[in-house]
Amino acid sequence: MLDTLKEKMHKGALIDRKEALFLLEQADLLTVGNLADALRRQKHPHGRVTFVVDRNVNYTNVCQSQCRFCAFYRDADAADAYLLNEQTILAKVAELVERGGTQLLMQGGLHPELKVDWFEELFRRIKARFPQVQIHSLSPAEVVHTAKLSGLSMPECLRRLQAAGLDSVPGGGAEVLVDDVRQEISPNKIGWRDWAEVMEQAHSLGMRTTATMMFGSKERPEDIVEHLFRVREIQQRTDGFTAFIPWTFQPDNTELGGETATGVEYLKVLALARLVLDNIDNIQASWVTQGAMMAQVALFFGANDLGGTMLEENVVAAAGCSFRMSQEEVIEIARDAGFIPAKRNTQYEILEEY
Amino acid sequence: MTELFNSIRSKIESGARISDAEALSLFESNDLLAIGELAALANTRLNGDRVYFNTNRHINYTNICVNRCTFCAFSKGVEDEGCYTLALNDILEKCAEAVASGATEIHMVGGLHPELPFDFYLEMLAAIRADNPALHVKAFTAVEIDYFSSLTGQTAAEVIRELKQAGLGSMPGGGAEIFRQEVRVKICPEKISGERWLEVIETVHREGLKTNATMLFGHLEAYSDRIDHLAKLRELQDSTRGFQAFIPLAFQPDNTRVPGATGVGGVDALKTLAISRLYLDNFRHIKAYWVMLGLKIAQVALAFGVNDLDGTVVEEKIGHDAGADSPQALAKSQLCGMIRKAGKLPVERDTLYNELKTY
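Sequences listed follow chains S and R, in order. Going by my numbering, the first residue of the first sequence is number 1, and it counts up by one from there. Going by my numbering, the first residue of the second sequence is number 1, and it counts up by one from there.
Bound-form chain S, shown alone:
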């Protein structure tokens, strides 16, 4: 099977679900890595490895979804529940701008009281004071939740958010895009079709988005493959995804607990994502969940992007994983691996090479 598969890929043909599952389950790590590396070099022949200077602002940890893999959420009446006020959020954005950042990744829990006007007001303020900042915020679950709370249709809600300043939508909350898995790990969260609809709607409004996958919890290899193909099929219709970002479940302090994916499993899934998602240009390595050493190695397993420098990150840190990286470190790991480090914006336009 491997030889026919290699030949097929060499000719630029797409692999199917069965072949993808074979690569994930049967092929050895370097075989999958080599295929992914070849495709990455073909798509990015200049040898750049990109990153964005960004900041996560988690505006609230109050969340009605209460996913079993999450260590970040709180009940509204918990002692350490919080909702950031506008002043605090603007101060955080100001800090991002001072440090040369371009992307604001604002995500939070599904708060029972925040309606669309709260976000509209906030986005307008941010855009008025910091027109250069790209608001890359609110995952599909938040969009659907906000629409429902506000008595709006999802498309109407998205249109209003866009008019207020939302530039693009991050791909979080995808977890595994198979409802059987979602029932087990995030029973109160939107199903995979809702996630896909928000993304397609955003794309049709001219907003680019990313797509993620959180694996290493309860899914089977077949579910990982299904997830990748569902993302590929959306991309075939819309061409709106800028990047795909696989990362691993972090078990500490979560209801699910237990083990997560190993280093070998991470690299294999990453490489497979590059191979299946040949219609998405950028594949991100996740230093936040894997650490700097693995992120550097990931550049040889299909990844061409190191994501954000994240001046602030709270969600993964709550689950016991607290890797930090400065812009200098990001540049260094790309350069030491033989690539040209480049700062990009949210749309993957190159701002500066190093």
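Do not take every clue at face value.
To be verified - DSS-like cross-link-like pairs, simulated, lysine-lysine; straight-line CA separation at most 30 Å:
| id | chain 1 | residue 1 | chain 2 | residue 2 |
| --- | --- | --- | --- | --- |
| 1 | R | Lys210 | S | Lys6 |
| 2 | S | Lys6 | R | Lys341 |
| 3 | S | Lys18 | R | Lys76 |
| 4 | S | Lys8 | R | Lys341 |
| 5 | R | Lys76 | R | Lys186 |
| 6 | S | Lys218 | R | Lys332 |
As the list claims (entries may be wrong) - Here chain R is said to cover these stretches of chain S; the calculated rule only asks that three of the stretch's residues, wherever they fall, bring their Cβ under 8 Å from a Cβ of chain R:
| id | stretch |
| --- | --- |
| 7 | 24-36 |
| 8 | 257-268 |
| 9 | 288-301 |
| 10 | 331-341 |
Just so you know, these hints were derived from the structure itself, not from any lab. Cβ coordinates follow ideal geometry from the N, Cα and C atoms, glycine included.
The hints should help you fit chain R onto chain S, whose structure is shown.
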């Protein structure tokens, strides 16, 4: 580059050696996966799918050390806060715990203590062996042997004979760092020279004890220093056949005093392990020490020529004092899971690489 890789491939297949110049080209290459494939080929020819680990426990009997190596965050002076020396009873208790939890090996190294007499070490070995006759004691680096020799005025050979008599089973490979003196003066000025390390280890081998060999990399050394280090090990191994495993140790920079050193990248770590596999054709085992590399890189290394993951360790101090963020201990089931998920066969071994159980 393709030519180099092809030439190395045919050397592996015909059992020929790679040269220093080829090793340097590999270090300078960024073709990580091609280097990994070659190393995997070389390893498969030697070890098939088998990946070894053991059930062991580390005991660091003292952190008081007369040396002040700049890369070390573990050593303390006699008057320093946080300095300690374990009493014999504490050591025996730790050994009993280890045996109770299934350990077959104690890995014991410590600082060069200014006051402990040589008899302390002999009594310690004898007491451990008396309590736990089946337990293998792998202890002391060449640096400690040299120190005992100057403490007692005996030759290294005499010291080793007495230790062996008292129950020493084999020796780890620490203290090698980087052999070149130009590097040693910057990172471990008081430590024995590279030549002396090799001389002591040669004596140990001649006295009938096996050892490992290490290399501390990723601080101030150049690629050529690493190759010089590997060359000296390969040469000594040709002569004594006393080395079991080679263990490249990734330098951990926290709390140390090596100016400008930032730690080892994942690519460099894997390349160094892979090139070690290719260069040291007379070493059967290349070990990825998960304490220094982290579990993820150590597991990935199994695709880059590595066939040994060390052991359960239990109480590691030296790497962790320097900022290693790996766990303190691993369960046997975790080690087996990591190995299996890398597509390999987990094999529990004893210190001398006798196979105890396949999982």
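Hints, verified against the model:
1. R/Lys210 <-> S/Lys6: 45 Å, violated
2. S/Lys6 <-> R/Lys341: Holds, at about 23 Å.
3. S/Lys18 <-> R/Lys76: Distance ~59 Å between S/Lys18 and R/Lys76 Cα, so the pair is violated.
4. S/Lys8 <-> R/Lys341: 27 Å, holds
5. R/Lys76 <-> R/Lys186: Measuring from Cα to Cα gives roughly 19 Å; hence the hint holds.
6. S/Lys218 <-> R/Lys332: 23 Å, holds
7. 24-36: holds (count 5)
8. 257-268: holds (count 7)
9. 288-301: n = 10 at 8 Å, threshold three: holds.
10. 331-341: holds (count 5)
Checked against the numbered hints listed earlier, the structure breaks hints 1 and 3; every other hint is satisfied.
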